[in-house]
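Asker: Protein chains in written order, with the numbering used here: chain A, 1 to 251; chain B, 1 to 271; chain C, 1 to 278.
Read the hints as simulated data drawn from the structure, not as lab findings. Hints are supplied without guarantee of correctness; some may be wrong.
[What the hints assert, rightly or not] 25 Å max Cα-Cα, derived DMTMM-like pairs, lysine to aspartate or glutamate: (1) C:K191 to B:D101; (2) C:K191 to B:E151; (3) C:K191 to B:E127.
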Amino acid sequence: MTIYGYRIPMMASLIVWCILWEIVGRLDLLLLFPPFSDVLVALGDVVNSRSFASAVSITLYSYAWGLGLAIVFGVALGFLMGTVPVADRLLNMWVNVFLSAPLSALVPVIMILFGMGAPTVIVTVFMFAVWIIALDTRAGVLHVPASLLEMARSFGASRWTTTWKIVLWAAMPEILAGIRLGVIRGVKGVVIGQLLVSIIGVGALFTTYSNNFLMEHFWALTLILFAFALTVGQLIALLEARIDYYAGARS
Amino acid sequence: MTMAEPIVAAPERRAASDVAAPIVEVRGVHKIYNGDVVALKDINLSFEEGRLTSLLGPSGCGKTTLLKIIAGLLEPTAGEVMVKGRKITGPGPERAFVFQDFALMPWATVLRNAAFGLELRGVPAKERNETARHYVEEVGLKGFEEKYPHELSGGMRQRVGLARALAVNADVLLMDEPFSAVDEQTRRKFQEDLIRLREVENKTFLFVTHSIEEAVYVSDRIILLSPRPGRVNNVIDLDIRRGDDPEAIRRDPNYLDTVEEIWRGIKQYLD
Amino acid sequence: MLSANTTAQKLTGDSQPQHAAPGLMARIGDRPVLWRVLSLALFCAVWEVGARASGNFAFPSFSQTLFAFLEMIGDGSLFWAYGRTLEPLVIGVTFSLLVGIGTGVAMGLRRDVEWLTLPVFIVMQAAPMAALIPLVTFVYGIGLASKVVAVVMLSLPVIAMNSYKAVRNTSPSLTAMCHSFQGSRWQQISKVILPEASPMIFAGVRLGVAEGFSGVVLAELLITPTGIGDLITYHRSIANFDSMYAVIVSIVVFAVVTVTLLQLLETALFRPDKRRSK
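Just chain A, with the same shape it has in the complex (with noise of 0.2 Å):
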């Protein structure tokens, strides 16, 4: 993917937004947009506020819990599904469900089994990243070669030094694409959580923002969210991109 390499000339055209952006800010086109500038003004005031800090602590450790648990859980499932075939055949059919489901309508669900804290948001972001974390390391597993389980095989390893020898490293490759694509979904799933939620963390700072009619302060707190988001997904690229050299060999 050529998306996430380094095209500095082209990412260049954010500029042009950018300035577009403060001239349809400063012309008052369009309600949405306060000038870009003003957004910049308001993100030193949005750092430096008190509830910035707790909300950035809340998000980070909601997001760290829920991302963590979804890794670890759905890197086993993955690997179960993709070595026993029954289990595939009864719960694959769940997780492209929970994959392609419309994941904000179980939040009110999360909310009333898990209370409108911390918890909630552990389990929305769990929820988001999980599945496909899951469903791209089965098809790693089952596209591990066979030749390169036969060669184990005939060295005579066993099933256990295979599965850890082979197996989990030759899966590597797309265990880490769907722990990135994870990774961009948990962003999304600690943000709706929170959003649903509105009494923690950035939820609540959202709340406080459109009820004074903080624009400005909205669109501050808006931008690093998105640099957020983009800051974890460009690091695992940048993992991924260490892992290439020997998944390219393999196709």
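Chains B and C: place on chain A using the hints.
Answerer: Just chains B and C, lined up with the frame of chain A:
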């Protein structure tokens, strides 16, 4: 069989001494990629009408690049290509290309694929299908007209590619390693069919291959290219009797000696 | 080339059509019906037993939820709610289709359009666009417009990005082939690039519809309770949890069925080159 001396300065002189008129002429072609990779260096060649010429060489010698330049798919960095006495600026109706990876449209039937060149020219459906049907039959795919490429084997797919190139009735067929993606048995069959095809269709063939046996088996003339930078190393005119029995050629001492000789010449360029 | 015919026929015998990894929903489709029924039954049983065992008032069992669902179908409230919900969904998705495919294809064909608009879509696809929904409400009020915008914000990026990737990933060999037979640029686009890109564009449409469902539900929960969102909010507020669960399950099932039908349509439409759809 006559081994020509290595071409050093004047390929035009050689061409002039030949009986047939040149239909394709390559004059001083250079091709440089990315500013510093010299793919082709000062290529001067002429190809006579009605003959089958192979471009042979190890990978990296620029043989496919040269063919694509002649096809008009690539622009040379310097030099020019003349076809029927006119300088080319792009692909033209007098040339047809057969692709290494077949380049068939997976959503179209064999017949539509074979008729595609005519479709692009705006030939009415009935007429172009009739022509395509004829050539699909000629390449041995009668009965497969309504199949899709993914239902065919690699060899059969290339036959579709060949039918498509034949259907536009070009004078020159440019074949880019057409048999490299098919298995050895199919490949042999293909080579025999190509020789037969030449008896039916009066066309000029330019044939890129990395197989010495294949080049010697099918060609009237072999142009040997050497790599880094790609340039003409040798031009070999072959005089192998291609009679009724295509199998006999493979046992012909002439054939075997030529293969051996070319191999000795090429070996030095391999790592 | 006369005897080639027999060889060719012999060859078809051992040349199986290649199957690539099937698409997400196709994997469900590939399973025998039996396994799906079994899987479904197992899920319902686990739900039923789990709910009864937990004794949690906020966790109604499968049977209670099913009864609540039938009840809501009986009094018509579910139909009415779906009518309200589908309105912004259909308008929003239609808009996303037109604009998304248009921009995506343009980005794939033209470098200048790509340079200008691709970064915006990359940001939109990676970023949590849902964060903008409160902002949109803030500006456009709590009416239909806000909900349509919410649907568009979520479904547009994936449709545009898929169309872009579909066009950009068309085989260079096929376009070269078209060029070598003197096809014009327009013929190249209409006869080679678009047909080759259409399976992936359609896959993007499917993903876009799935996102659109997410968008409309979020909009109805966040902006102002109407349709499905209203039912969810209302039943939660009066602690009528089995009805609330029933609504949520119904919208999830509705979305999944819609997406599955689109998947079936996709394989039916692009059958000869099924192996190309991802």
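Asker: Could you work out which of the previously given hints the structure breaks and list their numbers from low to high?
Answerer: The structure breaks none of the hints.
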